[in-house]
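Enquirer: Sequence:
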Amino acid sequence: MSQFLEFLPNLMRGAVTTLWLTIGAGLVCVAMSLIFGVARTSRYRVIAWSANIYVEFFRGTSVLVQMFWIFFALPLFGIFIEPLAAGILALGLNTGAYGAEIVRGAVQAVPRDQIEAAIALNYSSWQRLRHVVLPQALLIMLPPMGNLGIDCIKVSATVSLITIADLAFEANMFRASTGQNITPFLAILVVYYVYSTAVARGVLGLERRLAKYRL
381 MSQFLEFLPN LMRGAVTTLW LTIGAGLVCV AMSLIFGVAR TSRYRVIAWS ANIYVEFFRG
441 TSVLVQMFWI FFALPLFGIF IEPLAAGILA LGLNTGAYGA EIVRGAVQAV PRDQIEAAIA
501 LNYSSWQRLR HVVLPQALLI MLPPMGNLGI DCIKVSATVS LITIADLAFE ANMFRASTGQ
561 NITPFLAILV VYYVYSTAVA RGVLGLERRL AKYRL
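In this note's numbering, the protein residues as written are 381 to 595.
Among the hints, erroneous ones may be present.
Across the chosen pairs, the derived CB separations fall in these ranges [said to hold, decoys possible]:
1) Gly485 - Ser442: 15 to 25 Å
2) Arg589 - Ile415: 23 to 33 Å
3) Arg423 - Phe460: 37 to 47 Å
4) Pro389 - Arg425: 14 to 24 Å
5) Lys534 - Leu385: 48 to 58 Å
6) Leu454 - Arg423: 33 to 43 Å
7) Arg510 - Ala556: 45 to 55 Å
These are computed hints drawn from the structure, not numbers from a lab. Every value quoted in this text rests on a predicted model; they were computed, and no experiment measured them. Ideal Cβ positions, reconstructed from N, Cα and C, are used throughout, including at glycine.
Starting from the given sequences, assemble the full structure and let the hints guide the process.
Expert: What follows is the structure in structure tokens.
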């Protein structure tokens, strides 16, 4: 127990790193999801195909391999990215590909007659998207996007393989130096559960607040 208490500050720093990593990756994920999800519904084939290439590539390849490419392979071409930024970018791009499909499905689930009504009111494409489609699509996409956020938290442990001192990295360092297995991994199990529960509760609360705007 004394060894664990001595190492506790390192685990707490790892928890903070994991938190910032997840927040950063979540922001990238939301941006990619909205941009490419909406792009996949475009009537212009070039835009839709370009978005489809992004989605299929990042869904069809391993997030770990993507992370290795960003951190280890890109420097061979003169592109150097800090470990934390590489982790955020890899996780954000990967989960963003899944999020794009969620956004696409939510946008296409908006009743067609409401879009036609907006056209009749002479709304531009941007106005239809902003005032009619996205407000309703948001209610549809919130639950699956919350699940995606939880998945991002759990997958974030892979960043320890590119020298980021996150929760998994610090727990493994403690295990290697003390030979204890149960204590460190039980501790990070609790932290991951707390983070995931916080996301789930936050999404549920937001969903309830926005439900009053459902048409």
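Enquirer: Evaluate each hint against the coordinates.
Expert: Against the structure, the hints:
no. : hint                        : verdict
1   : Gly485 - Ser442: 15 to 25 Å : holds, 24 Å
2   : Arg589 - Ile415: 23 to 33 Å : holds, 25 Å
3   : Arg423 - Phe460: 37 to 47 Å : holds, 40 Å
4   : Pro389 - Arg425: 14 to 24 Å : violated, 55 Å
5   : Lys534 - Leu385: 48 to 58 Å : violated, 27 Å
6   : Leu454 - Arg423: 33 to 43 Å : holds, 35 Å
7   : Arg510 - Ala556: 45 to 55 Å : holds, 52 Å
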